[in-house]
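Starting from the given sequences, assemble the full structure and let the hints guide the process.
As given, the protein sequences belong to chains P and U, one line each in that order. Heads up: the first sequence begins at 577 in my numbering, then just goes up one per residue. Heads up: the second sequence begins at 9 in my numbering, then just goes up one per residue.
Read the hints as simulated data drawn from the structure, not as lab findings. Any given hint might turn out to be false.
Said to hold, decoys possible - DSBU-like mimics (lysine-lysine), calculated; alpha carbons at most 30 Å apart, straight line: (1) 622(P) x 211(U); (2) 189(U) x 695(P); (3) 444(U) x 715(P); (4) 640(P) x 33(U); (5) 484(U) x 640(P); (6) 418(U) x 622(P); (7) 141(U) x 640(P); (8) 603(P) x 211(U); (9) 62(U) x 106(U).
Stated by the list, open to error - Computed list of chain P residues with no C-beta within reach of chain U, every gap over 12 Å: (10) 584; (11) 593; (12) 658; (13) 673; (14) 715; (15) 724; (16) 735; (17) 757; (18) 758; (19) 779; (20) 785.
Using N, Cα and C, we set each Cβ at its ideal position, and we do this for glycine too.
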Amino acid sequence: MTRSSRDLCWNCQSEVGGEYFCPQCVKVQPASVWSDYFDVFGLPRKLGLDLEDLQRRFYDWSRKFHPDLFQRATPEEQAISLENSALVNTAYRTLRDPIARVEYLIGLEEGAVKGIPPKAPLDLLEEMLEVQEALEAAKASALDAETRKRLMDERARLAERRRAEEERLLDVGREWDALVDGSRAASRDRDDLRRPLLDRMKGILAARAYLTTVINDLSDALGEDSQTHASHRRH
Amino acid sequence: MPRIVGIDLGTTNSLVAYMEGGFPKVIPDAEGHVLLPSVVGFTADGILVGDAAKRQLVRNPTRTIYSVKRLMGKGYDDVKEELRYFPFHVVPSDEVVKIRVADREVTPPEVSALILRSLKERAEAHLGEVVTKAVITVPAYFNDSQRQATKDAGRIAGLEVLRIVNEPTAASLAYGLHRLKGGTVAVYDLGGGTFDISILRVKDGIFEVLATNGNTHLGGDDFDRALVDWLLADIETRHGADLRADLEALQELRLGAEAAKCRLSFEERTVLTIPFAQHGFTYRREISRAELETLIEPLVQQTLGPCRLALADAGLSAAQIDEVVLVGGSTRVPLARRRVQELFGKLPHSQLNPDEVVAVGAAVQADILAGGITNMLLLDVTPLSLGIETLGGGMSVLIPRNTTIPTSAKELFTTSVDGQTVVDMHVLQGERELVKNNRSLARFELSGIDPMPAGMPRIEVTFLIDANGILQVNAKELRTGKAASIEVKPSYGLTDAEVERMIEESFIHAEEDVASRLLIEARNEADTVIRATERALGQGSGLIGQEETAQITGALAALKAVRDGSDRDAIREATERLNQSTLHLAEILMDSALKEALTSKRVTEALGKPER
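Next up, the structure:
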């Protein structure tokens, strides 16, 4: 997404001044003035978010931009409505998910990063070796009741650990939001303060991604449909 | 703005509806029937659609196509497993499915186009105006190829398809007109050939789909097949006859099984009676609902997995669903209702006719597009993840399943060889990690790239899924800002040129078809009466006098003499005369059947004979 000024209506060339519908000819305008997904919904770059409020803003934009409402409009307006809707939908999808929200924020703050590579938490290394052993054993022969129980216990433990990581992520998020709220007063220090917070978030996301991989491997070994475990997108 | 109609293009039946003064209306044909059987018959004289085609199914099984929706957007390999259930001939090939009828080959979109054209004509006759714009529904779990095939069918039929809408969401719109309070809604849609589950949030006139799942190869057809297989085994045991190779007998059995299944939704037991004259016996079998349920239980169970997955993707538990809506003729089956009720723990809605509710919803969506309804808006999702093939045969997901549409994703491509001017992409849909387990949608060829050292060009490709759930791809070279040209090779679809050709051909044939259709219908009617008369004479010639017999055989000969001519009125008159001459015989036969039944069997069995 690029920040480009949009002063004139593409259709009648009159001043639009940041409106999404031209005050003169009422044509829909491309949403290219939005600088990022937070901006789409008029929200500050904070991680704490009222989901109901977000949904209301999303519905408001949908009622303005959805292609259904432009069926009788010109092809140009239809194309703009399609792009604006697609953007609003992606922005909503990203922000409503707490994990995707953090990943997106890190990308915004540090320039485009595509995915954070999974990394095992250091304190779990020994346990992970055992899990790998159990997985190998499960692959080599049919699953007996004992191995099965071992894998399920391990999975439950790791899921618990993942929840703990997500809790930590929320804590760091609150620190971040406090920083954003106070940033006007002390903008000089802001850069020094936010970098360690972003690094901590990245560390947690890497650990979480690792845990998710192992949990999915365990589910596969237990012979469960992997589709059922691809459902962690919404929280 | 010209009127936009809503069409439910179903596996078993199709319907057309429209909105008038804020109320939806389903359009009947001249005889008052709203359901058009999705059956197309190819005869030597022309094409039949609907009831007329269904009536000739038993006599002309290889040239009568039904359940063609199961073949839409499919390749031969996808469907070869179920071909044994179809009497018509599907041509082996490695691309889109083609059906051989006599000396020509037709594709599923062309067959569907004939059904759509029939609905278009019905709407035009009813409304007294030309209809050119439509909203057509598809199963929510249809992939891009299947949606595109449906859109192609509309174009071939002379319809501009303004929107492809998902059936369960259309149904939610129909219910949303008056009946939904709002909150979370689960729509369970079990039709003739497909199953969908959609989870929605309905709030302030917004119908937001949270997740959808399903199986585009599971429906009432499969219930019928389970029952037919069971009956075939029973016939073999009891009569020592294997009917599996007798296409006509199989169709009689299929229609009988379907009717028995429908009766068992309202009765505890029913009797199936089919005379197999060629095999020298009449098959008679009592079937209980419990027996049917044992046969279909595994199929009903198969619908529950997708329900759980959709709930998980929506981030909801079954208990958090406020309202459950049943859609599709197969939700009349009590076992399906029971299982849905158990899963969600509440009594489902079924006030609206499950056969009509999707067409009504399509009409509501049509009215939204026309600007009539302004306080309802549907936000649907793409049912399957979209991705591209990566090195090593993996799939990299660009747009995950259950993303609200329209949606887009951008991806950068470059070249791997110096001076390369063309880049290939392979686009897929599905939830598996490997390409071979997913659905190939199309191969795209980006060309016109300026020759540069490897890795230098930066081609940005935008994948956009529009509000129909159909993919559009655009590409531009970022250095030059030049749009790259893209050639699309659909994996299981028609190219634009092929669709154009089909449109042209269908226009050429449109006029002669109407005239010949009326003639064929008259001939079919004649055949039905001839067949019935011959059967009646065989059974009851001893029960009537010589004079009456002579009268009937005379009328029979007269009809046969005009049957192959092209005078439609003469055929109809002769048919009517033959029909009249057999009324008395029919009465006598009915009496004797009743008497026989009363002495040997219970009355319910005699009355339980299928009407067909």
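Outcome of the hint check:
1. With a C-alpha separation of about 26 Å, the suggested pair residue 622(P) and residue 211(U) falls inside the 30 Å cut-off, and the hint holds.
2. At roughly 47 Å between alpha-carbon atoms, residue 189(U) and residue 695(P) are farther apart than 30 Å, so this suggested pair is violated.
3. Between the alpha carbons of residue 444(U) and residue 715(P) the distance comes to roughly 23 Å, so the proposed pair stays at or under 30 Å and holds.
4. Under the criterion of a C-alpha separation no larger than 30 Å, the hint pairing residue 640(P) with residue 33(U) is consistent with the structure, at around 29 Å.
5. About 29 Å separates the Cα atoms of residue 484(U) and residue 640(P), which keeps this hinted pair within 30 Å; it holds.
6. This hinted pair checks out: residue 418(U) and residue 622(P) have alpha carbons roughly 26 Å apart, not beyond 30 Å.
7. Taking the CA atoms of residue 141(U) and residue 640(P), the gap is about 24 Å. The hint holds against a cut of 30 Å.
8. Distance restraint check for residue 603(P) and residue 211(U): the Cα-Cα separation of roughly 28 Å lies within the 30 Å cut-off, and the hinted pair is therefore satisfied.
9. Taken as a hint, the residue 62(U) and residue 106(U) pair is honoured in the structure, with Cα atoms around 21 Å apart against an allowance of 30 Å.
10. With 12 Å as the threshold on Cβ separation, the claim that residue 584(P) sits away from chain U holds: the shortest Cβ distance comes to roughly 21 Å.
11. Annotated as non-interface, residue 593(P) keeps its C-beta farther than 12 Å from every C-beta of chain U; the closest such distance is 27 Å.
12. The beta carbon of residue 658(P) is not kept farther than 12 Å from every beta carbon of chain U, the shortest such distance being approximately 5 Å.
13. Taking the minimum C-beta to C-beta distance to chain U, about 10 Å, the non-interface status of residue 673(P) is violated against the 12 Å cut.
14. For residue 715(P), the non-interface assignment is confirmed: its Cβ lies about 17 Å from the closest Cβ of chain U, beyond the 12 Å cut-off.
15. The non-interface label for residue 724(P) is consistent with chain U: the shortest C-beta to C-beta separation is roughly 21 Å, beyond 12 Å.
16. With a least CB separation of 14 Å from chain U, residue 735(P) remains clear of the 12 Å interface cut-off, as annotated.
17. For residue 757(P), the requirement that its beta carbon stay farther than 12 Å from each beta carbon of chain U is met, with the minimum near 29 Å.
18. Interface exclusion of residue 758(P) from chain U stands, the closest Cβ pair being 33 Å apart, more than 12 Å.
19. Once the 12 Å rule is applied to beta carbons, residue 779(P) is consistent with being away from chain U; the minimum gap is 25 Å.
20. Residue 785(P), annotated as away from the interface, keeps every beta carbon of chain U farther than 12 Å; the closest lies near 15 Å.
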